[in-house]
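Novice: So you can see what is in the structure, the chains are spelled out below.
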Amino acid sequence: MMLLSRLLRAAISLLVIVTLVFVALRATGDPILAMFNPDDYTKEALDAFRRQYGYTGTIFEQYLSYIANVVQGHFGVSSMSSRDALSVVLERVPATLQLVGWSALIMFSVGIPLGSIAALNAGGRLDRLVMAGSTAGFALPNFVLGLALILLFSVFLHWLPSNGSGTWQHLVMPVLTIGLAKAAIFTRFVRSAVLDALKLSCVTSARARGLEESQIFVRHVIPNAMLPLVTIAPLLVGAMVSAGSVVESVFGWPGIGRLIVDSVAQRDLAVLQVIIMLVAALMILTNLIVDLAYSRLDPRTALARSH
Amino acid sequence: MSAVVSTTATKKRFDLSRYPVAVLVSALWLVSCLSLVILLPILPLPKETAIDLVARLSPPVGFGGEWNHWLGTDDLGRDIFSRLAASLRTSLVLALGATVISAIIGTTIGILAAHFGGWVDQLVVAAVDAQASVPFIIISLTLTAFFGNNLFLFIFILGLFGWERFARLSRAMTMASRGHGYVLAMNTLGFSWRRIYLRHVLPNIASTLLVTATINFPEVILLETSLSFLGLGIQPPMSSLGNMLGFGRSYLLTGWWIAAVPGLAIFLCTLSVSIVGDWARGVIGRT
Chain R
1 MMLLSRLLRA AISLLVIVTL VFVALRATGD PILAMFNPDD YTKEALDAFR RQYGYTGTIF
61 EQYLSYIANV VQGHFGVSSM SSRDALSVVL ERVPATLQLV GWSALIMFSV GIPLGSIAAL
121 NAGGRLDRLV MAGSTAGFAL PNFVLGLALI LLFSVFLHWL PSNGSGTWQH LVMPVLTIGL
181 AKAAIFTRFV RSAVLDALKL SCVTSARARG LEESQIFVRH VIPNAMLPLV TIAPLLVGAM
241 VSAGSVVESV FGWPGIGRLI VDSVAQRDLA VLQVIIMLVA ALMILTNLIV DLAYSRLDPR
301 TALARSH
Chain G
1 MSAVVSTTAT KKRFDLSRYP VAVLVSALWL VSCLSLVILL PILPLPKETA IDLVARLSPP
61 VGFGGEWNHW LGTDDLGRDI FSRLAASLRT SLVLALGATV ISAIIGTTIG ILAAHFGGWV
121 DQLVVAAVDA QASVPFIIIS LTLTAFFGNN LFLFIFILGL FGWERFARLS RAMTMASRGH
181 GYVLAMNTLG FSWRRIYLRH VLPNIASTLL VTATINFPEV ILLETSLSFL GLGIQPPMSS
241 LGNMLGFGRS YLLTGWWIAA VPGLAIFLCT LSVSIVGDWA RGVIGRT
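Line by line, the protein sequences give chains R and G.
Mapping of the first sequence onto the working numbering: residues 1 to 307, in sequence order.
Mapping of the second sequence onto the working numbering: residues 1 to 287, in sequence order.
Please note that a few of the clues may not be correct.
Residues of chain G clear of chain R, computed beta-carbon distances all greater than 10 Å [as the list claims (entries may be wrong)]:
1. Pro-46
2. His-115
3. Thr-208
4. Val-283
One-sided and incomplete, this derived list gives chain R residues near chain G with beta-carbon spacing under 7 Å [stated by the list, open to error]:
5. Ala-139
6. Phe-143
7. Leu-152
8. Val-155
9. His-158
10. Val-241
11. Ser-242
12. Val-246
13. Ile-260
14. Val-261
15. Val-264
16. Arg-267
17. Ile-276
Simulated from the structure, these hints should not be mistaken for laboratory data.
Positions of the beta carbon are idealized from the N, C-alpha and C atoms, including for glycine.
Looking at chain G on its own, in the form it has when it is part of the complex:
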């Protein structure tokens, strides 16, 4: 409520108390994950593939481990924290890239459907309905089975996920904006549709698309980690959070931390993106 009561004077200043605690903690977690990923090349960490046979299966600090491997080591003595950082990088880059791909594809298709209407529109709506009705993990598993397992196909599959959500939204919002005065005015003045859509319609609908991206992002992380966990996504020697967890699954009896660390990391990432996204949706919905 304080946000509503406090008016003009404090409104412009950045005020921490205006944000819920859960949102702040989530944002902090996401920022630290991102900085870890960005700073990874210059941080003085052991290499994620470096084998330390003396310190095999060493538990994390607090469970009898040493500070030099503070999250413990796996069965080959590889540092869990270094592996976590490298996996986090793979997973985040893939999820971010896939979300950008599906946002671009989906938004383009949605705007085109709204612009042309008629059978183009019908076709797009049918395709959107079809993809939304089949569980995507079945589609992706099928594609993997038919066309073999490789990194290029995997990125394509992840990019294919969620385009229908962007298409549906951008189609509806473009249709609505075509009735607005500014679009009619620019069209009458003779501006090209390309310019109207790119420079005027897109900025107007961007905030909603951005919020959609925050829904899409955790789901892509879940899809990527699920597939990698099943051994059908990222393949060794590359590691993602999913295949790190899948690998740790075999060591539940001797080294539970090998699975617990990436599992917890996946949970915290998806949870914090959802919390920030929920909050952003509420803020945008109010204005």
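Next up, chain R with everything else stripped away, as it sits in the complex:
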């Protein structure tokens, strides 16, 4: 029952996004001219496209045929490369997934230990050191960090290539840029989640039973701290998407993020609408998964909802 209402809500959110894109496309003029470059086609060809894609008749009929086109994956032709917009976008996905995956790994492997150490030493010198680092990392814009890394590793040390993709050397700097920036935020979340978990009565009782501190941490603190951490996953996915658009441009990484910036600069609306829907779908899907995972991890929330 809950699964169904969640799915319905996700579907409605998607429909809202598609509608907004349609409105924006209409507001800027003829959607056919946005999908096909008028310089490349004759007027007859454009009219034929208009009939083929269903952009004739009233605005409501056009809206319906727009949705039908979207469902079938017909987004038009990219004006940058004169190829199908959907495949232009999809071929960039693996590069971005690679970047985001490694960055997430860095984020977890830096954020979880540092956040836990800070929480276990709350108020101490280590805590203040970690929090100072986190504040600095949060204030450091990713393009500044990216350029600083290029300056250090490419210009002065000649260790890593500053631009492009293909080898693991190309991956190091973009992954460090995104991973460390997100680790700065994640450390704070881990710290406060662990701090909250330490206050739970199960931890006090475990201590009273004489369990070792390390065992208390593994058996009681970590499982309880996981719960709030799951909820910030959508936030971090969103942050990675937006960081990606800047960082991929800095390092010339051929992913979705750079494609967004290029398509905006070239006003390639056919490609842009695919990306918007992809990002929206990704965000909606992440939220859906988190909601479902949360009720699985904490049965109380599922119970509370069904009553």
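Based on the hints, put chain G in the right spot on chain R.
Specialist: Structure of chain G alone, referenced to chain R:
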């Protein structure tokens, strides 16, 4: 701890030792940035567009440069310090203006939602959730693509950023204040809601909104500099910290300082606003 121990006699006097060093340094940096921006027209600096072809790509002092261009020059011999000051002015004015715009819009919407309740409230909450769930840089890039790139739209986009944060807070706090005695009393006495909200509720929630502004401000700077860095924000001949950095990126090999100077300036500005904001949040949270 000294702040807690020292009581009545010293409490009123302005005492530097009551403030953490990091907060003092940050405040000092912000004050010097602001004074630089304000005093810019009367300072004896070379014009930021003045070209000095003899002194092209001259490095900063300490790296082989001269004092007449103490932060160095770019490929056309333009003084980096003058360009930095002009860019700082653009970035700070934009960020300040955008924060004021989003604070006014957000607070108004939040108070209205709390006042009317019902479907108005539902609509506002839905809009707040929607904006908070999509990365804002995607929204702003999309708006730029659809409606072209111009200064007016750019200010509008920056002003749109963060309104939901003010709306959420002012809505919650107004709802809470409606249960307070003074609001009930004034309402019973027949004062108009407009007067109650503007003269009584708003001053009560202002300190929290101000702290929210210190969270919003560095993020607007980051948004503006990111977009300008990507070439989609402020356009030449105007310069902001972001497009100065974007420009310097092409000269990393021959003149690293062209990028390093604005990069460092952005970092220090956002860092010091965060530090002062964190500290203010702590102080307000305690009282």
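Novice: Are there hints from earlier that the structure breaks, and if so, what are their numbers?
Specialist: Violated hints (numbers, rising): 7, 9; every other hint is consistent with the structure.
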